[in-house]
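Residue numbers (the working numbering), protein chains in the order written: chain L, 3 to 308; chain E, 3 to 308.
Please note that the accuracy of each hint is not assured.
All copies of an identical chain are treated as equivalent in the list; a pair is satisfied when it fits inside any one copy or across any two copies.
What the hints assert, rightly or not - Subject to a maximum C-alpha distance of 30 Å in a straight line, what follows is the list of computed DSS-like cross-link-like pairs (lysine-lysine):
#  : residue 1 : residue 2
1  : K119      : K306
2  : K188      : K283
3  : K290      : K162
4  : K292      : K195
5  : K306      : K290
6  : K63       : K119
7  : K165      : K79
8  : K142      : K63
9  : K74       : K188
10 : K254      : K306
11 : K306      : K292
12 : K113      : K195
13 : K256      : K306
14 : K140      : K57
15 : K290      : K188
16 : K254      : K302
17 : K302      : K292
18 : K79       : K302
19 : K113      : K188
20 : K302      : K256
Hint data in this document are derived by calculation from the structure and do not stem from the laboratory.
Protein chains: 2
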Amino acid sequence: MSLLVTGSIGIDSVSTPHGDVAEVLGGSAVYFSWAAAAFCTVRLVGVVGEDFPSKFTKAFKHPRINPAGLEKRKGSKTFRWSGRYDATMNEATTTAVDLNVLAERAPAVPKAFADSKVVFLAATHPGLQMELLGQIKKPKLVISDTRDLWIRNYRDELIKSLKSIDGIVLNDAEARLLTGEVNLVKALAMIRKLVRKNGPQIVIVKKGEHGCLVAHGPDIFAMPAFPTHNVLDPTGAGDSFAGGLLGYLTGKGKFDVATFKQAVAAGTVMASFTIESFSLKGLQSAHKGKVAARLANFRKMLTKGL
Amino acid sequence: MSLLVTGSIGIDSVSTPHGDVAEVLGGSAVYFSWAAAAFCTVRLVGVVGEDFPSKFTKAFKHPRINPAGLEKRKGSKTFRWSGRYDATMNEATTTAVDLNVLAERAPAVPKAFADSKVVFLAATHPGLQMELLGQIKKPKLVISDTRDLWIRNYRDELIKSLKSIDGIVLNDAEARLLTGEVNLVKALAMIRKLVRKNGPQIVIVKKGEHGCLVAHGPDIFAMPAFPTHNVLDPTGAGDSFAGGLLGYLTGKGKFDVATFKQAVAAGTVMASFTIESFSLKGLQSAHKGKVAARLANFRKMLTKGL
Numbered sequence: 003m004s005l006l007v008t009g010s011i012g013i014d015s016v017s018t019p020h021g022d023v024a025e026v027l028g029g030s031a032v033y034f035s036w037a038a039a040a041f042c043t044v045r046l047v048g049v050v051g052e053d054f055p056s057k058f059t060k061a062f063k064h065p066r067i068n069p070a071g072l073e074k075r076k077g078s079k080t081f082r083w084s085g086r087y088d089a090t091m092n093e094a095t096t097t098a099v100d101l102n103v104l105a106e107r108a109p110a111v112p113k114a115f116a117d118s119k120v121v122f123l124a125a126t127h128p129g130l131q132m133e134l135l136g137q138i139k140k141p142k143l144v145i146s147d148t149r150d151l152w153i154r155n156y157r158d159e160l161i162k163s164l165k166s167i168d169g170i171v172l173n174d175a176e177a178r179l180l181t182g183e184v185n186l187v188k189a190l191a192m193i194r195k196l197v198r199k200n201g202p203q204i205v206i207v208k209k210g211e212h213g214c215l216v217a218h219g220p221d222i223f224a225m226p227a228f229p230t231h232n233v234l235d236p237t238g239a240g241d242s243f244a245g246g247l248l249g250y251l252t253g254k255g256k257f258d259v260a261t262f263k264q265a266v267a268a269g270t271v272m273a274s275f276t277i278e279s280f281s282l283k284g285l286q287s288a289h290k291g292k293v294a295a296r297l298a299n300f301r302k303m304l305t306k307g308l
Numbered sequence: 003m004s005l006l007v008t009g010s011i012g013i014d015s016v017s018t019p020h021g022d023v024a025e026v027l028g029g030s031a032v033y034f035s036w037a038a039a040a041f042c043t044v045r046l047v048g049v050v051g052e053d054f055p056s057k058f059t060k061a062f063k064h065p066r067i068n069p070a071g072l073e074k075r076k077g078s079k080t081f082r083w084s085g086r087y088d089a090t091m092n093e094a095t096t097t098a099v100d101l102n103v104l105a106e107r108a109p110a111v112p113k114a115f116a117d118s119k120v121v122f123l124a125a126t127h128p129g130l131q132m133e134l135l136g137q138i139k140k141p142k143l144v145i146s147d148t149r150d151l152w153i154r155n156y157r158d159e160l161i162k163s164l165k166s167i168d169g170i171v172l173n174d175a176e177a178r179l180l181t182g183e184v185n186l187v188k189a190l191a192m193i194r195k196l197v198r199k200n201g202p203q204i205v206i207v208k209k210g211e212h213g214c215l216v217a218h219g220p221d222i223f224a225m226p227a228f229p230t231h232n233v234l235d236p237t238g239a240g241d242s243f244a245g246g247l248l249g250y251l252t253g254k255g256k257f258d259v260a261t262f263k264q265a266v267a268a269g270t271v272m273a274s275f276t277i278e279s280f281s282l283k284g285l286q287s288a289h290k291g292k293v294a295a296r297l298a299n300f301r302k303m304l305t306k307g308l
């Protein structure tokens, strides 16, 4: 089975109580791809400007990342984001953002990628997500992400887009914003009713350090985060979670509730590597043995004794 | 094995977005006892005033609650608390409190209770907790609870008291207040170093709807809350959690990490019954079969597929 991600590739500057980094590689598609690549090959679709540093290009030279959908657009500039975290490390405050090439036309999905079976549409304008999805022939599982911006300003388009896909990943504040419901278990059920009827109907509410709440059709389960002493920078945690999740599912080639629970554990573990370092360092240091060991520890923590 | 609880018995008035109740039975020892009684017999030590309504006395007529330590003190008035929850239902705002009899001398632990093996010291002045504990001969497991008030104003006494006991249950804000550490995994490790060395060294950080984080000696585990659609009133959830936890451990008669994990699941389930109704209604409706079924569901949610 084949996995495709569409999302941003950016240059980030991040300030946290534990340090600062300037002009590092970031973006949803980048974190997603590195996390997914722990479990399967991933096809990347995204666009950068002609200013994109060649030193960052090596991040796409992973044996399991296929960058055939990476467009370097002449005359355009790469997306840039600057953010700051306070001591709680829970939510980023955006201090500067230049959409640049992301405000232009979307990149094309290469013809060779049109047969992708699992698709992740990272957060962007819901109309754009649908335009990208329209280039995939017969996907079996399509999951999107969103942001408060799209919920606030493009609610109707967003809700319409959900009818064409199998599920959505969003954080607790976004789930409350979308539904107007404080109780996340109720919000989960409400959002599930918005997605495509004849699919697995997935809703995942991410709660950062508190783990996540998942609906898989009528089944609901909660999973805590991997307990981490060492949180340096939460940037990319959500996309790493989604990458680990969909990478695991693609590797297994099935989407039943048991495989989904294992996949949520895999996503949780990949997110834990991301937050332990700045930029991609955590994911890049998470070699096969390290991922397998932490995933085994996490599953043991969740189940042993019960 | 025998379980003893010392704590408050009060008359509560609670206002939530889902309704209001006035002058209902409450108090830490009451919630704890009803939750623990699902798993073992519980010995209750507490004091009320002569105004204590006789209609409330029937709450202690549970076949597994031994109220021999319940003192009805002449000339004194029962503890009263009024609180309000906002839409998030996360933390109560105290709108009125009359300590009344709780500001007087502590109740005595009956001689017949002095051989209790598991002891829960509900939140009160740490000096008073130690005075109560001093009346128990050779307890095997002693766990206390605390509040921000005691951490702020009696920090030294609190830290000193921890050296005599096996563990503490506190919420996330209290754990951060006690340690000055935002990362709860780090805070957990710091608090563990404060408790008695030659015991199991238990720290449980309660996070409401997000479940809890537990240290059992060097082992750390996280557990989500039971996903509940129907949160009417969180009052008593923490004490119900502690009651289910220590009741389960007492019933099993052992405190190893596997039994502890099962006990945390039991505590989580008892708390979920409490928040589904006002006052004790949720716990009182949770008959044996209902508890067993929900606990089995919860364990299945946590482990099945992984």
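Now for the hints, and whether the structure bears them out:
Taking the closest pair of Cα atoms, K119 and K306 come within 30 Å of each other only across two copies (26 Å); inside a single copy the shortest separation is 34 Å, beyond that limit. Proximity of K188 to K283 under the C-alpha cut-off of 30 Å is restricted to the inter-copy arrangement: shortest distance 22 Å between copies versus 37 Å within a copy. For the homomeric pair K290 and K162, neither the shortest alpha-carbon distance inside one copy (39 Å) nor that between copies (46 Å) is at most 30 Å. Taking identical chains as interchangeable, the C-alpha atoms of K292 and K195 lie at most 30 Å apart only when they sit on different chains, with a minimum of 29 Å there against 38 Å within one chain.
Proximity of K306 to K290 under the C-alpha cut-off of 30 Å is found in both arrangements, the shortest distances being 23 Å within a copy and 25 Å between copies. Within a single copy, K63 and K119 get their C-alpha atoms as close as 23 Å, which meets the 30 Å cut-off; across copies the closest is 62 Å, which misses it. Taking CA atoms no more than 30 Å apart as the test, K165 paired with K79 passes in neither setting, with 34 Å inside one copy and 61 Å between copies. For a Cα distance limit of 30 Å, the shortest separation of K142 from K63 inside one copy, 27 Å, qualifies, whereas the shortest one across copies, 58 Å, does not.
For the homomeric pair K74 and K188, neither the shortest alpha-carbon distance inside one copy (43 Å) nor that between copies (43 Å) is at most 30 Å. Proximity of K254 to K306 under the C-alpha cut-off of 30 Å is found in both arrangements, the shortest distances being 23 Å within a copy and 17 Å between copies. Proximity of K306 and K292 under a CA criterion of 30 Å is satisfied in both settings, with 20 Å inside one chain copy and 24 Å between copies. In the homo-oligomer, the alpha carbons of K113 and K195 never lie at most 30 Å apart, since the shortest distance is 33 Å inside one protomer and 59 Å across protomers.
Taking the closest pair of Cα atoms, K256 and K306 come within 30 Å of each other both inside a single copy (25 Å) and across two copies (16 Å). In this assembly of identical chains, the alpha carbons of K140 and K57 never lie at most 30 Å apart, being 36 Å within a copy and 66 Å across copies at closest. Taking identical chains as interchangeable, the C-alpha atoms of K290 and K188 lie at most 30 Å apart only when they sit on different chains, with a minimum of 27 Å there against 38 Å within one chain. When the C-alpha separation of K254 and K302 is checked against a cutoff of 30 Å, the pair qualifies both within a copy, at 20 Å, and between copies, at 22 Å.
When the C-alpha separation of K302 and K292 is checked against a cutoff of 30 Å, the pair qualifies both within a copy, at 15 Å, and between copies, at 28 Å. Proximity of K79 to K302 under the C-alpha cut-off of 30 Å is found in neither arrangement, the shortest distances being 46 Å within a copy and 50 Å between copies. Taking the shortest alpha-carbon separations for K113 and K188, neither the intra-copy value of 41 Å nor the inter-copy value of 49 Å comes in at or below 30 Å. In this homomeric assembly, K302 and K256 come within 30 Å of each other (Cα to Cα) both inside a single copy, at 23 Å, and across copies, at 21 Å.
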